[in-house]
Structure formats: structure tokens, C-alpha cells
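With the hints as extra help, turn the sequences into a complete structure.
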Amino acid sequence: MSSPSTTAEQLAFDAKDVCVWYGEKQVLFNINLGVRPKSITAIIGPSGCGKSTFLRCLNRMHELVPSARLEGHITLFGDDLYAPTVDPAFVRRRVGMVFQKSNPFPTMSIQDNVVAGLRLNGIRDKAFLNEQMEKSLRLAALWDEVKDDLHKPGVSLSGGQQQRLCIARAVAMQPEVLLMDEPCSALDPMATQKIEELMQEIKRNFTIVIVTHNMQQAARCSEQTAFLFMGKLIEMDSTEKIFGNPSQQQTEDYITGRFG
Amino acid sequence: MPQSHTLHSFDQALTNLRNTVLMMASLTERSLDNAMTGLFERDSDRCNVVIADDEEIDTLEKTVDKDGYDVLIRFQPVASDFRQVIATMKLSNNLERVGDAAVNIARRVKKLNAHPALPEAKSLEPMYAEAKAMLKDSLRAFTDGDMEIAGALKPRDKQLDRMNKDIANQLTEAMPKQTEQLRGYLNLILIARSLERVGDHATNIAEDAIFAKSAEDTRHSNPIKV
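As given, the protein sequences belong to chains F and R, one line each in that order. 260 is the number that the working numbering gives the last residue of the first sequence; the numbers go up by one with no jumps. 226 is the number that the working numbering gives the last residue of the second sequence; the numbers go up by one with no jumps.
Hint data in this document are derived by calculation from the structure and do not stem from the laboratory. Among these hints, one or two may not hold up.
Not everything, but these chain R residues come out facing chain F in the computed CB check (under 10 angstroms) [claimed, not checked]:
hint	residue
1	Q3
2	H5
3	L7
4	Y69
5	F75
6	Q76
7	P77
8	D81
9	F82
10	V103
11	N104
12	S214
13	A215
14	E216
All of these numbers come straight from a predicted model, not from anything done at the bench. Beta carbons are placed, not taken as given, at the ideal position from N, Cα and C, and that holds for glycine.
Right, here's the structure in full:
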């Protein structure tokens with residue numbers, strides 16, 4: 001495997017020539033994309049452009065699809081995520097993920113949901129688990145709302161609260177990066193606002209990559225925006241540049257609602 | 001021509017905004033023309049038309065602002081669409097100021113027309129021709145996105161400033177010889193100054209045209225880079 005360059009060491013993710021196939025069908029074409037640490041990077045593009053596939057490549061979740069195949073290199077702070085010796089489970093500990101639909105474990109209480117990942121990794125120290133649980137719920141801006149109901153089922157919470165519970169569960173593992181796949185698409189504006197505020201808070205400690213269909217959300221939240229179209233990276237730049245004066249006509253056509 | 005927006009109502013809203021500001025531009029040009037023709041042909045009726053039309057120009061400015069806000073709120077445009085809306089709202093503001101300049105000129109012309117003609121009034125013709133051409137060109141730069149025309153406006157504004165200065169000097173020198181026409185000379189000097197302001201607004205419009213087209217902010221820079 002190629003040794004990480006100086007630039008790669010400065011980046012959280014550095015994707016080089018990433019191509020992905022599902023069976024015979026190629027869905028990503030030579031994606032070269034860098035993600036800066038402790039910042040929010042948005043990936044936008046129409047449905048089917050490959051943005052969720054790319055996001056899943058960042059923690060090897062695409063491998064859960066049996067026919068998926070990847071070529072190219074992705075490094076996380078200089079470490080090759082696809083080196084033969086790397087365990088995908090270890091990658092997913094370093095790279096947490098929040099999904100479109102909140103998915104708390106239905107049989108678990110709020111507190112058990114938060115520390116489920118830690119328990120799965122063999123941590124049994126109750127004091128430590130409690131400490132991590134409170135810290136994560138506070139970080140997810142949920143603590144004040146649930147501190148008296150920690151034993152209630154996670155699924156008893158509202159949709160927005162459940163999504164924040166999932167964020168708490170993800171950050172409890174102390175990942176280096178949080179991937180968010182349309183985390184607010186099922187939420188009302190108030191719940192969306194809370195998640196967006198939360199993202200600004202947690203980016204102090206984590207790198208965030210978010211896939212969103214909501215361009216206003218990408219413009220509001222992110223520092224960098226990448227535009228994917230038909231499996232290709234058309235343009236990546238500062239969010240201000242992408243939504244103010246993009247370099248590529250295809251980007252302009254997409255964000256202004258004129259498909260190229 | 002830009003490709004159509006997938007949302008027809010957005011295209012319609014942008015077209016309406018553009019049509020309103022173009023109507024405003026047409027009225028403003030007409031007011032300036034009426035005011036200066038009122039001077040050269042000593043026709044105070046034309047000046048009264050300018051003063052009456054100003055209300056319509058003011059109403060159109062408010063319409064453009066309201067329609068612009070509506071587009072921003074309803075469609076949240078980005079990139080070139082966003083710049084187009086902002087630049088159109090700024091254009092309407094500059095046109096309203098040109099309308100005010102026309103009214104100022106018309107009021108002074110009415111005062112001048114109440115007294116014997118001043119032959120020096122003719123000396124304002126070249127300056128008016130240039131101010132009028134600058135306004136027309138700035139509007140063309142805006143509607144056609146013609147960056148070459150837009151880029152040429154700032155040096156032309158400097159030239160207009162020099163013409164204004166020359167006229168002011170020339171009239172100031174004539175004042176001691178015609179002391180009974182002091183007010184008249186003063187009004188001519190102030191009319192020239194209003195024309196100079198028209199040039200400033202044309203330059204502002206050109207700068208907004210450049211911003212709308214290329215996102216480049218050329219204000220307070222000399223010369224305009226295209």
C-alpha cells in the first residue's frame with residue numbers, strides 16, 4: 001500500500017481514485033476527495049448519484065452488500081482503511097455512523113442504548129459506562145430531556161430525540177469521524193435545528209461527513225461541500241464557493257434547480 | 001440564455017422581477033430625458049411630467065424590493081440566481097436615485113425657465129449626452145451580461161467628473177459678469193452635478209452587473225477588472 005503523503009496526514013479522510021461496483025454495475029468513478037479534520041463536509045447530489053455509497057465506503061459498510069467491490073485507496077488520518085490487515089469492525093469503531101431513520105435498539109432502555117457499543121466491546125466497568133453515558137447524552141444535547149427517564153425504552157422518545165439518542169450512541173464509542181446519512185430527513189424543523197446545532201457543537205471533537213438532500217442544510221452546516229453526479233465528483237470546494245459561485249456549470253445547474 | 005428552472009413558478013417570479021425593473025429603467029430614462037429637454041427647449045411642462053412620474057418610479061422600487069424579498073423567502077435561490085435577485089434589487093435602488101436626480105433637475109429647470117434664457121445652458125449638452133449614454137450602457141450591461149461594456153463604465157465616470165468640473169469652472173467664471181443671473185448659474189452648476197450623480201449610479205449599476213454575472217465585487221477598485 002502506498003505510504004500516506006504529508007497532505008494525507010493532515011486530512012481526516014483522503015480518498016484516491018475510488019471506484020465502486022455493485023456486481024457488474026459501476027456506481028462510483030475515480031473519486032478523489034479530501035475531508036478536513038474537525039470540520040463538517042457535506043456531500044450533495046441527486047438520488048442515485050452515489051453519495052450514500054461513498055459515505056459507506058468511508059467505514060467499509062458497503063461491504064455488507066455481497067456484490068460490492070471497491071478499487072482505490074481511502075486513508076483515515078494516514079491509515080489505509082483497506083489494508084489487508086485492517087478489521088472492518090475496527091474501522092467502524094473509528095468511524096461512527098448515524099442513519100436516515102433513527103434506529104435505537106428497540107428492546108433496550110435509553111441508557112443501555114447509549115452504552116450498547118461499549119458493552120459489545122467488553123467494557124463492564126459500571127462507573128465508566130455511567131460516566132460515558134451521561135457525557136454522550138450531554139454531548140448529544142439530550143441529557144436534560146431524558147435524565148429522569150433513563151430506564152424507559154429508547155423507542156419511547158420522539159423522532160428527533162431518537163435521532164439524538166443514536167448520535168449519543170455513536171459518540172459514546174469516541175470515534176474520530178461521524179458519518180451522517182440524511183440524519184434530518186424524517187425530522188420536523190425544530191428537531192432538525194437541534195441536530196444542526198449539535199453538529200456544530202460536536203465538530204469541535206469530531207470530523208463530520210454528512211450526506212443531505214437538503215441544500216439549505218448543506219449551506220448552513222458545512223465548511224466544505226462536494227457535489228456528486230452519476231457517480232463522479234463534479235466539484236468540491238468551500239461551501240461558500242459552491243453555493244455562491246461554483247466553478248462547474250453542472251454544479252450551478254444542480255444547485256439552482258436546472259439539471260445539466 | 002440560461003437553462004429553464006425545473007420549477008416553473010421560480011422562472012416566472014424571476015421574469016416578473018426582471019420585467020418590473022426594466023419598466024422602471026425605461027421610466028427613469030424617460031424622466032431624465034424630459035428634464036434635460038425641458039432645459040434645452042425651455043419646456044416646463046416636461047418638467048412637471050418628471051415630477052409627476054417620480055411617484056410611479058418610487059412605487060416600482062418598492063415593488064421590486066417586495067418581489068425580490070418574496071423570491072428570496074419562497075425559493076431561497078443560490079449562486080447566479082441569488083446574485084441576480086440581489087443585483088436587481090440594487091439596480092432598482094440606483095434607478096430610483098437617478099429618478100430623484102431627474103426630479104432635482106426638473107425643479108431647477110422650472111426655476112431657470114421663469115427667467116431669460118442662459119446661453120451657457122447649451123454647454124451641458126455634451127455632459128448630458130454622456131450621462132445618458134452611460135445609463136443606457138450600464139442597463140445593457142445588466143440585461144445582456146455584457147462585461148466589456150460594464151468594465152468601461154468606471155473610466156467613463158472619471159471623464160464625466162472632469163466634464164462636470166469644467167462646466168462648474170466655466171460658469172463660476174461667468175458669474176461676476178452676469179450678477180443678475182447668479183441664481184441661474186448656480187442652478188446650472190447644480191444640474192451638472194445631478195448629471196454627474198447619474199454617472200455615479202450608472203457605474204454602480206455596471207458594478208452590480210459584473211457581480212451578477214461573475215460574482216466579482218469590483219466596487220471601490222480602480223480600474224474595474226473584467
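Status of the hints after comparison with the structure:
Because the smallest distance between the Cβ of Q3/R and any Cβ of chain F comes to about 4 angstroms, under 10 angstroms, the interface hint for this residue holds. About 5 angstroms separates the beta-carbon of H5/R from the nearest beta-carbon of chain F, less than 10 angstroms, and the hint is met. For L7/R, the interface hint holds, the least distance from its beta-carbon to any beta-carbon of chain F being 6 angstroms, beneath 10 angstroms. Taking 10 angstroms as the C-beta contact cut-off toward chain F, the hint placing Y69/R at the interface is violated, the least distance being around 17 angstroms.
Taking 10 angstroms as the C-beta contact cut-off toward chain F, the hint placing F75/R at the interface holds, the least distance being around 8 angstroms. A cut of 10 angstroms between beta carbons decides the hint on Q76/R: the least distance to chain F is about 6 angstroms, and the hint holds. Because the closest C-beta pair between P77/R and chain F is about 7 angstroms apart, less than 10 angstroms, the hint holds. A distance limit of 10 angstroms between C-beta atoms decides the matter here; for D81/R the minimum to chain F is near 5 angstroms, and the interface restraint holds.
For F82/R, the interface hint holds, since its Cβ comes within 10 angstroms of a Cβ in chain F; the closest pair sits about 8 angstroms apart. With its C-beta approaching chain F no nearer than about 37 angstroms, V103/R sits outside the 10 angstroms limit, and its interface hint is violated. A cut of 10 angstroms between beta carbons decides the hint on N104/R: the least distance to chain F is about 37 angstroms, and the hint is violated. This hint holds: S214/R has a C-beta 8 angstroms from the nearest C-beta of chain F, less than the 10 angstroms allowed.
Because the smallest distance between the Cβ of A215/R and any Cβ of chain F comes to about 4 angstroms, under 10 angstroms, the interface hint for this residue holds. The beta carbon of E216/R comes within 9 angstroms of a beta carbon in chain F, closer than 10 angstroms, and the hint placing it at the interface holds.
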